[in-house]
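Please build the complex by placing chain X on the supplied structure of chain R, with the hints as guidance.
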Amino acid sequence: MAQVKINDLLITGDQTYASIDNSVGRLVLDQKIHKKPWFIMFAIGILGTGLLGVSIAWLLFQGIGIWGNNVPSAWGFDIINFVWWIGIGHAGTLISAILLLLRQQWRNSINRFAEAMTIFAVMCAGLYPLLHTGRPWNAYWLFPYTNILAMWPQFRSPLMWDVFAVSTYFSVSAVFWFVGLIPDFATLRDKSTNRIGKVIFAILSMGWRGSNQHWHRYEQMYLLLAGLSTPLVLSVHSIVSFDFAVSIVPGWNVTVFPPYFVAGAVFAGFAMVITFALPIRKLYKLEHLITDRHMDWMAKILLATGLIVFYGYILEIFFSWYSGNFYEYKLLINTRFTGPYSWAYWMLIFCNGIVPQLFWIQKFRVNPVSLMIVCQAVSVGMWLERFVIIPMSLTNNYLPSSDKMYYPSFWDFAMFLGTMGLFIFLMFLFIRFLPIINIFEVKDLLFKMGGKREIVEEATPAEVK
Amino acid sequence: MGAQVFKPSANSIAHVTILGIAIVPLTVGLSLAALSRSPANTKVNVPKNQPVPFSHQHHSWELGIDCRYCHGSVEKSGYAGLPSTETCMSCHSQIWTNSPLLEPVRQSYETNTPIKWNLVNKVPDFVYFNHSIHVARGVNCNTCHGPVNDMHITWKGNPFQMAWCLECHRAPERHLTKDPTRPDLSPRQQVFDLYWKLQTYGKTGFKDDGTKALSERELQLLKGEWNGSDKPEDIKSGKELVKELGVQVQQLADCAVCHH
Chain R
0 MAQVKINDLL ITGDQTYASI DNSVGRLVLD QKIHKKPWFI MFAIGILGTG LLGVSIAWLL
60 FQGIGIWGNN VPSAWGFDII NFVWWIGIGH AGTLISAILL LLRQQWRNSI NRFAEAMTIF
120 AVMCAGLYPL LHTGRPWNAY WLFPYTNILA MWPQFRSPLM WDVFAVSTYF SVSAVFWFVG
180 LIPDFATLRD KSTNRIGKVI FAILSMGWRG SNQHWHRYEQ MYLLLAGLST PLVLSVHSIV
240 SFDFAVSIVP GWNVTVFPPY FVAGAVFAGF AMVITFALPI RKLYKLEHLI TDRHMDWMAK
300 ILLATGLIVF YGYILEIFFS WYSGNFYEYK LLINTRFTGP YSWAYWMLIF CNGIVPQLFW
360 IQKFRVNPVS LMIVCQAVSV GMWLERFVII PMSLTNNYLP SSDKMYYPSF WDFAMFLGTM
420 GLFIFLMFLF IRFLPIINIF EVKDLLFKMG GKREIVEEAT PAEVK
Chain X
0 MGAQVFKPSA NSIAHVTILG IAIVPLTVGL SLAALSRSPA NTKVNVPKNQ PVPFSHQHHS
60 WELGIDCRYC HGSVEKSGYA GLPSTETCMS CHSQIWTNSP LLEPVRQSYE TNTPIKWNLV
120 NKVPDFVYFN HSIHVARGVN CNTCHGPVND MHITWKGNPF QMAWCLECHR APERHLTKDP
180 TRPDLSPRQQ VFDLYWKLQT YGKTGFKDDG TKALSERELQ LLKGEWNGSD KPEDIKSGKE
240 LVKELGVQVQ QLADCAVCHH
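Read top to bottom, the protein sequences are chains R and X. Here the first sequence stands for residues 0 to 464, numbered as in numbering that gives the first Met the number 0. Here the second sequence stands for residues 0 to 259, numbered as in numbering that gives the first Met the number 0.
Just chain R, with the same shape it has in the complex (with noise of 0.2 Å):
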């Protein structure tokens, strides 16, 4: 295998705190920065959040029957899209929790933006939940409140479980983005020369000085809220896939789902991480910040993640002969194989399974062109994956009256296409007003580097600008 020299820093060309704070603060602080790139994305964004809007409200008037949900498939896009935005968070809170706690430095420049995609993912993911129950406005049934109808919230239902598995992910996630944030909304405000821009800022940064006792009370709780949000990776989507799991339905009744779940949702996330990182870093000149290292290495996680959700594919058909039940053969062979959906089968094992093993050459690692390629056959295989789940094993299982086909309608696209708009629009509203990248954290890290930068830049001067 032919060695392709790659940039091995974390933090490239010649690097001072002050051009740190410099390459992140003036996305924020000039906003002259943000040209055409921007607003055309930004329009994309716009129009889609529109055509959710307008969806919502039809489907509000009309009730859910503007969707293609039938009765053998009551579970249509709305599941799907819930299953495949909740994975997308997934990288977000790998990234700043686990390998926080691992200690690992080259998640200092991702995670800023790779926690805000998590938070913006599951915000689209519980829009579909929600409108899936068809009253959105008593959705507030599904917690445990003091009610007058004497009603509680129904415990051993796993829909029960992924509401407070979904909600604490929320929340804890959106705590942990915020308090990450301090230290740096104290940057924006030291060097914002904009009157408003450092009242904001300094009502965000609570008061932020720096000081000693400062970061030791911010270096607590970070760790604490890592600790908490561990568990949540694993958790959120576990339960997700007991929605499934925990049924009766051929083809759902795994065990193997929690961690073939969880691989799936690393696998799509850091997919869309990369997706978002390349032209992000181009487009604002952070190449030295976001290194060919950093997309090597989310790479090689994908191709881990990739080939764990593969031994997934292998051991549902490996269980489906073994366990002898007639049901689970017939969907696995019968079906998936040769069934009328089964160009979804194959076409997901060829985005999920096929594709990724590009990454196995290094040269591919770090290739925008190729990272581009495959992330985006990921983005569309996990898709896939949902959907092969879904109205695949609802359109056939015990009874021959299941047998009938799912469609999708307009409006199960026009949301799904909506749900990427607002995506799009609030990782944009993100770029322009908060800093992308942990500011401090990058510092801290060049500290870190500090006497080795030097050997390395002597060692490939080419990088060194």
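Since the hints were made in silico from the structure, they are not lab data. Do not rely on the hints blindly, as some may be mistaken.
To be verified - Pairs of lysine to any residue, SDA-like flavour, derived with a Cα cap of 20 Å:
| no. | chain 1 | residue 1 | chain 2 | residue 2 |
| --- | --- | --- | --- | --- |
| 1 | R | K197 | X | P7 |
| 2 | X | K177 | X | L240 |
| 3 | X | K121 | R | L148 |
| 4 | X | K47 | X | A32 |
| 5 | X | K6 | R | R194 |
| 6 | X | K6 | R | N193 |
| 7 | X | K222 | X | P38 |
| 8 | R | K197 | X | S8 |
| 9 | X | K6 | R | I147 |
| 10 | X | K6 | R | M205 |
| 11 | X | K42 | R | I147 |
| 12 | R | K403 | R | I65 |
Everything numeric in this text was worked out from a predicted model, so none of it was measured.
Same frame as chain R, but now just chain X:
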């Protein structure tokens, strides 16, 4: 470090804000919970104005007219029935014929248009309440409607919220009653026998020889204060009654019992 943006007093504002974030939602939530249970929302004990100031106290207690004289379908139908103008006129064509208070009744009779009474007790459209089955199982009128025989202008005796319905539907043995002195009466007959006893013995419930004619529970029922009993002997007899009446307790709190 640049000049400070805020004065030191901002710290106090920040502290109060953080405290407020913790306290305000809790306070608002609990206040809403309290408000939804209070008469402001439930209208319990709030007399409701009517086109004619009809007094249950006068007709039921003072005159001793049976409930069923006006609410004629209460034993046989889901709907207890409101009296037609003709029912009112069966007496009021003879007495109080010139009373100005009864002018709307005469108007209604002459023009053949019903009186628009203001509904005091109502359940939402998605709740199917049936009077006849409750009467058939011996649930006294006052158990739900409060001390109607003491009301001048009628008010709501109970909140009619689901939690209140379920108090009995989840544990009917706490609430079902039977008059041990009259085993010959069916539960339905017992409901109305109590008002007969009330007329016979009066509100304090003593016989001429000074012995008690109305039991403690019957007095509670008449005052609309009967709210079930947790005494072991009452639970025991309640369970027997549940069995005797064939009340399917395991289905009684199913959604579809009231929400068809």
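### Task
Would you list, in rising numerical order, the hints stated earlier that this structure does not obey?
Those not satisfied are hints 4 and 9.
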